[in-house]
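Trainee: These protein sequence lines map, in sequence, to chains C, P and Y. The opening residue of the first sequence carries number 1 in my numbering; numbering runs sequentially from there. The opening residue of the second sequence carries number 1 in my numbering; numbering runs sequentially from there. The opening residue of the third sequence carries number 1 in my numbering; numbering runs sequentially from there.
Don't read these hints as lab results, they were simulated from the structure. Hints may contain errors.
Unchecked claim - To be clear about the criterion: a stretch of chain C counts as covered by chain P if any three or more of its residues have a C-beta under 8 Å from a C-beta of chain P, and this derived list gives those stretches:
1. 96-108
2. 201-215
To be verified - Quick partial rundown of chain Y residues pointing at chain C, CB under 8 Å, derived from the structure:
3. ASP27
4. THR63
5. PHE98
6. ARG99
7. ILE194
8. GLU214
9. GLN215
10. ALA249
11. GLN262
12. GLY266
13. GLN270
Just so it is clear, CB atoms sit at the ideal spot from N, CA and C, and this is done for glycine as well.
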Amino acid sequence: MLQHPMERLRRQAPLVHCITNYVTVNDVANMLLACGASPVMADAPEEAGTFSGSGCLYLNLGTLNRRTVDAMYLAGRANAERGRPILLDPVGVGATDFRMQTARALLRDLPIAAVRGNASEIRALADMGGQVGGVDASAADAVTDETVGRAAAFACALSARLGTVVSFSGPIDIIADRGAAYAVRNGVARMPRITGSGCMLSGVVAALIAAHPEQVLEATVTAYAAMGLCGEIAEAALREGEGTGSFRARMIDAMSLLDDAQLERGRRVQRVI
Amino acid sequence: MLQHPMERLRRQAPLVHCITNYVTVNDVANMLLACGASPVMADAPEEAGTFSGSGCLYLNLGTLNRRTVDAMYLAGRANAERGRPILLDPVGVGATDFRMQTARALLRDLPIAAVRGNASEIRALADMGGQVGGVDASAADAVTDETVGRAAAFACALSARLGTVVSFSGPIDIIADRGAAYAVRNGVARMPRITGSGCMLSGVVAALIAAHPEQVLEATVTAYAAMGLCGEIAEAALREGEGTGSFRARMIDAMSLLDDAQLERGRRVQRVI
Amino acid sequence: MLQHPMERLRRQAPLVHCITNYVTVNDVANMLLACGASPVMADAPEEAGTFSGSGCLYLNLGTLNRRTVDAMYLAGRANAERGRPILLDPVGVGATDFRMQTARALLRDLPIAAVRGNASEIRALADMGGQVGGVDASAADAVTDETVGRAAAFACALSARLGTVVSFSGPIDIIADRGAAYAVRNGVARMPRITGSGCMLSGVVAALIAAHPEQVLEATVTAYAAMGLCGEIAEAALREGEGTGSFRARMIDAMSLLDDAQLERGRRVQRVI
Numbered sequence: 001m002l003q004h005p006m007e008r009l010r011r012q013a014p015l016v017h018c019i020t021n022y023v024t025v026n027d028v029a030n031m032l033l034a035c036g037a038s039p040v041m042a043d044a045p046e047e048a049g050t051f052s053g054s055g056c057l058y059l060n061l062g063t064l065n066r067r068t069v070d071a072m073y074l075a076g077r078a079n080a081e082r083g084r085p086i087l088l089d090p091v092g093v094g095a096t097d098f099r100m101q102t103a104r105a106l107l108r109d110l111p112i113a114a115v116r117g118n119a120s121e122i123r124a125l126a127d128m129g130g131q132v133g134g135v136d137a138s139a140a141d142a143v144t145d146e147t148v149g150r151a152a153a154f155a156c157a158l159s160a161r162l163g164t165v166v167s168f169s170g171p172i173d174i175i176a177d178r179g180a181a182y183a184v185r186n187g188v189a190r191m192p193r194i195t196g197s198g199c200m201l202s203g204v205v206a207a208l209i210a211a212h213p214e215q216v217l218e219a220t221v222t223a224y225a226a227m228g229l230c231g232e233i234a235e236a237a238l239r240e241g242e243g244t245g246s247f248r249a250r251m252i253d254a255m256s257l258l259d260d261a262q263l264e265r266g267r268r269v270q271r272v273i
Numbered sequence: 001m002l003q004h005p006m007e008r009l010r011r012q013a014p015l016v017h018c019i020t021n022y023v024t025v026n027d028v029a030n031m032l033l034a035c036g037a038s039p040v041m042a043d044a045p046e047e048a049g050t051f052s053g054s055g056c057l058y059l060n061l062g063t064l065n066r067r068t069v070d071a072m073y074l075a076g077r078a079n080a081e082r083g084r085p086i087l088l089d090p091v092g093v094g095a096t097d098f099r100m101q102t103a104r105a106l107l108r109d110l111p112i113a114a115v116r117g118n119a120s121e122i123r124a125l126a127d128m129g130g131q132v133g134g135v136d137a138s139a140a141d142a143v144t145d146e147t148v149g150r151a152a153a154f155a156c157a158l159s160a161r162l163g164t165v166v167s168f169s170g171p172i173d174i175i176a177d178r179g180a181a182y183a184v185r186n187g188v189a190r191m192p193r194i195t196g197s198g199c200m201l202s203g204v205v206a207a208l209i210a211a212h213p214e215q216v217l218e219a220t221v222t223a224y225a226a227m228g229l230c231g232e233i234a235e236a237a238l239r240e241g242e243g244t245g246s247f248r249a250r251m252i253d254a255m256s257l258l259d260d261a262q263l264e265r266g267r268r269v270q271r272v273i
Numbered sequence: 001m002l003q004h005p006m007e008r009l010r011r012q013a014p015l016v017h018c019i020t021n022y023v024t025v026n027d028v029a030n031m032l033l034a035c036g037a038s039p040v041m042a043d044a045p046e047e048a049g050t051f052s053g054s055g056c057l058y059l060n061l062g063t064l065n066r067r068t069v070d071a072m073y074l075a076g077r078a079n080a081e082r083g084r085p086i087l088l089d090p091v092g093v094g095a096t097d098f099r100m101q102t103a104r105a106l107l108r109d110l111p112i113a114a115v116r117g118n119a120s121e122i123r124a125l126a127d128m129g130g131q132v133g134g135v136d137a138s139a140a141d142a143v144t145d146e147t148v149g150r151a152a153a154f155a156c157a158l159s160a161r162l163g164t165v166v167s168f169s170g171p172i173d174i175i176a177d178r179g180a181a182y183a184v185r186n187g188v189a190r191m192p193r194i195t196g197s198g199c200m201l202s203g204v205v206a207a208l209i210a211a212h213p214e215q216v217l218e219a220t221v222t223a224y225a226a227m228g229l230c231g232e233i234a235e236a237a238l239r240e241g242e243g244t245g246s247f248r249a250r251m252i253d254a255m256s257l258l259d260d261a262q263l264e265r266g267r268r269v270q271r272v273i
């Protein structure tokens with residue numbers, strides 16, 4: 001795993017350029033600041049391709065429209081030319097043709113380094129190309145201790161086909177490239193009950209990739225563990241009468257205070273393949 | 001009134017498709033998740049008409065523009081064809097011609113099931129068609145125990161003219177269809193001091209309508225009582241030095257924990273007509 | 001300085017029309033409500049020029065695009081015709097040509113009353129016109145007790161060139177017109193670690209200018225002191241385990257409770273020139 005990832009992230013404060021949805025954009029910006037990155041959320045075609053400097057590009061399909069798709073291409077090509085990593089979060093990709101076509105086109109036209117979604121989104125991506133290396137895409141659903149091996153094999157096969165690191169969140173998170181797969185068991189059930197927990201996680205993945213561009217798989221695993229751990233810390237901090245509204249703020253609190261010693265003690269990461 | 005509305009809402013977890021403003025969209029999504037619904041906030045014309053499944057469509061004019069008006073029509077027609085209810089929150093309808101024309105057109109062209117706003121917005125809607133059944137629209141303003149009967153008569157008359165359930169929030173909330181009207185006395189003065197309290201209430205109305213499409217009036221009354229009660233709970237939970245920032249989170253906290261027993265004990269609903 | 005600024009602001013509740021970014025718009029609206037103003041966030045060209053009544057227009061370049069630039073012009077001209085003040089926050093102006101060109105055009109074409117940004121944004125504005133009255137723009141960077149005089153001279157010179165009140169935030173804030181300059185020493189280091197602290201501050205500046213349109217310089221100084229003081233109050237209120245997520249809510253809490261006596265006791269304002 002990575003050495004002192006939080007310290008390195010905060011020292012580098014890499015730029016993470018987000019073209020993302022307007023529902024959770026504020027939470028994503030605050031979570032990026034909390035983990036140590038420097039967020040920029042510009043999505044106008046007039047300027048999306050002109051942000052200079054190192055970092056990572058984070059594309060999120062949450063409320064995509066024609067204008068932001070144009071901006072994703074302009075920013076994507078600019079980042080590709082400069083050799084910077086790109087993360088894709090295909091929010092709701094199975095819900096409409098527009099999202100599916102956009103996700104397919106972005107994966108075809110840009111050198112995406114990592115794709116991150118929930119199980120049903122990743123399954124929809126897999127289904128769009130037929131069977132994945134002989135593994136049924138339903139292997140992504142509700143991963144348990146019994147099915148973790150099958151889910152990991154699915155993720156490796158999909159990673160090989162898409163040419164990116166593949167990961168999906170759930171009760172057990174799966175993160176894989178073509179040759180290795182990890183399971184992360186951090187997190188709490190309240191996380192999907194707030195909007196943006198997935199979008200914020202993708203932001204943290206982008207931040208850690210930006211700080212470790214040669215270790216995309218390890219950076220992604222670390223982000224899942226860090227975010228899940230922040231969920232656990234936030235859950236433990238809830239007082240009588242506090243629910244999802246306070247939980248959201250406490251997740252950002254926890255990330256803004258998270259250090260490497262805490263992360264090392266708390267992460268529950270297993271190499272599966 | 002409805003039987004076990006919160007339990008039913010959480011069991012069904014109906015889709016609420018929101019085409020809403022970018023100011024309060026995050027709060028609306030979190031409030032919808034807190035009450036048990038499944039929010040989708042897509043507003044691109046490319047996909048607004050293609051969300052499948054049951055549920056309710058929630059149209060909010062808060063930051064409308066040409067593109068989102070197109071999306072409202074596409075989604076509205078798709079929902080109308082499938083017999084799904086549509087809720088309209090005509091935010092700021094009296095402030096500009098663009099809003100007034102859009103509200104009038106949506107009410108004319110789509111089978112809106114319920115219109116919900118604050119008193120001045122509902123009054124502006126009423127004024128656009130001349131006098132309402134002999135009742136002065138100023139009856140909607142600052143409803144008190146003395147004026148509640150007149151306000152209820154106004155709401156019934158407007159409901160008859162628009163062909164929708166009509167409701168408006170204030171110190172006393174009024175909810176009516178053509179033949180019946182209710183007053184709800186839940187809520188606290190701090191609610192309108194945060195942005196989005198009306199938008200969130202409309203979200204909860206849409207969620208309860210989605211779960212009770214045959215009882216739009218009762219679902220709307222229940223939503224007002226639930227939201228007002230959450231305001232009361234949030235107010236009581238405020239500690240020394242806490243103001244509107246914490247109040248916002250605590251309202252969502254309260255909704256995420258609200259159950260039917262609590263709602264039944266706390267609601268202050270009166271049948272007026 | 002202003003007499004009873006918070007009381008006057010809350011009594012007048014002036015309209016502040018914001019055409020701003022979608023990242024922090026909710027925080028800006030809540031901060032405006034907390035300080036006593038009446039926010040309107042409409043940014044559609046169809047209606048941006050038609051909001052009536054007194055108040056202040058707040059233009060923020062955070063996520064500008066072609067459509068919102070059109071709206072800024074329409075609203076700007078309508079406000080100029082009615083003699084209402086306009087505040088410009090040139091977010092990220094040094095980052096892309098699109099932002100620089102937009103900022104330059106708005107400053108040329110509209111009677112901007114005040115420009116407010118962080119030091120690097122104000123420096124970028126200054127650099128676009130060559131040297132400022134013999135003062136190096138780097139005087140704006142990281143103002144300390146040693147450099148405060150030079151920074152104030154720079155701000156006065158830039159104010160004279162742009163014909164607006166100029167201010168920038170930092171460890172020491174500088175606020176100036178052509179003939180006078182103030183330093184404000186309120187605030188804490190956690191403020192720039194949340195997104196929107198600058199945007200919210202600009203909102204409070206706009207609110208106080210709206211309530212004191214004849215005293216733009218004094219209103220701006222007061223806003224910096226009030227916002228910095230709210231940061232100090234929020235910092236002091238943080239409990240064990242609370243970080244940037246809770247800090248954001250507590251800043252809004254503090255503003256919603258701030259009164260003139262507290263502001264007078266807590267403000268640290270120095271006349272420099």
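Trainee: Decide, hint by hint, whether the structure agrees.
Mentor: These are the hints, each one checked on the structure:
Evaluation of the coverage hint for the stretch 96-108 of chain C: fulfilled, as 4 residues show C-beta separations to chain P shorter than 8 Å, against a requirement of three. For the stretch 201-215 of chain C, the proposed coverage by chain P is not satisfied: 0 residues have a C-beta within less than 8 Å of a C-beta in that chain, short of the threshold of three. The interface hint given for ASP27/Y is met, as the beta carbon of that residue sits about 7 Å from the closest beta carbon of chain C, less than 8 Å. Taking 8 Å as the C-beta cut-off, the interface hint given for THR63/Y holds, the closest approach to chain C being about 6 Å.
Using the Cβ-Cβ criterion of 8 Å, the hint placing PHE98/Y at the interface with chain C is satisfied: the shortest such distance is roughly 4 Å. Residue-level restraint check for ARG99/Y holds (minimum Cβ-Cβ distance to chain C is 7 Å; threshold 8 Å). Evaluation of the ILE194/Y hint against chain C yields a held restraint, the C-beta minimum of about 6 Å falling below 8 Å. Here the hint on GLU214/Y is broken, as its CB sits about 35 Å from the closest CB of chain C, past 8 Å.
Taking 8 Å as the C-beta cut-off, the interface hint given for GLN215/Y is violated, the closest approach to chain C being about 33 Å. Look at ALA249/Y: its Cβ gets to within about 6 Å of chain C, closer than 8 Å, so that hint holds up. The beta carbon of GLN262/Y comes no nearer than 24 Å to any beta carbon in chain C, farther than 8 Å, and the hint placing it at the interface is violated. Contact between GLY266/Y and chain C, as hinted, is not supported at the beta carbon level, the nearest pair being about 25 Å apart and thus beyond 8 Å.
Because the smallest distance between the Cβ of GLN270/Y and any Cβ of chain C comes to about 30 Å, over 8 Å, the interface hint for this residue is violated.
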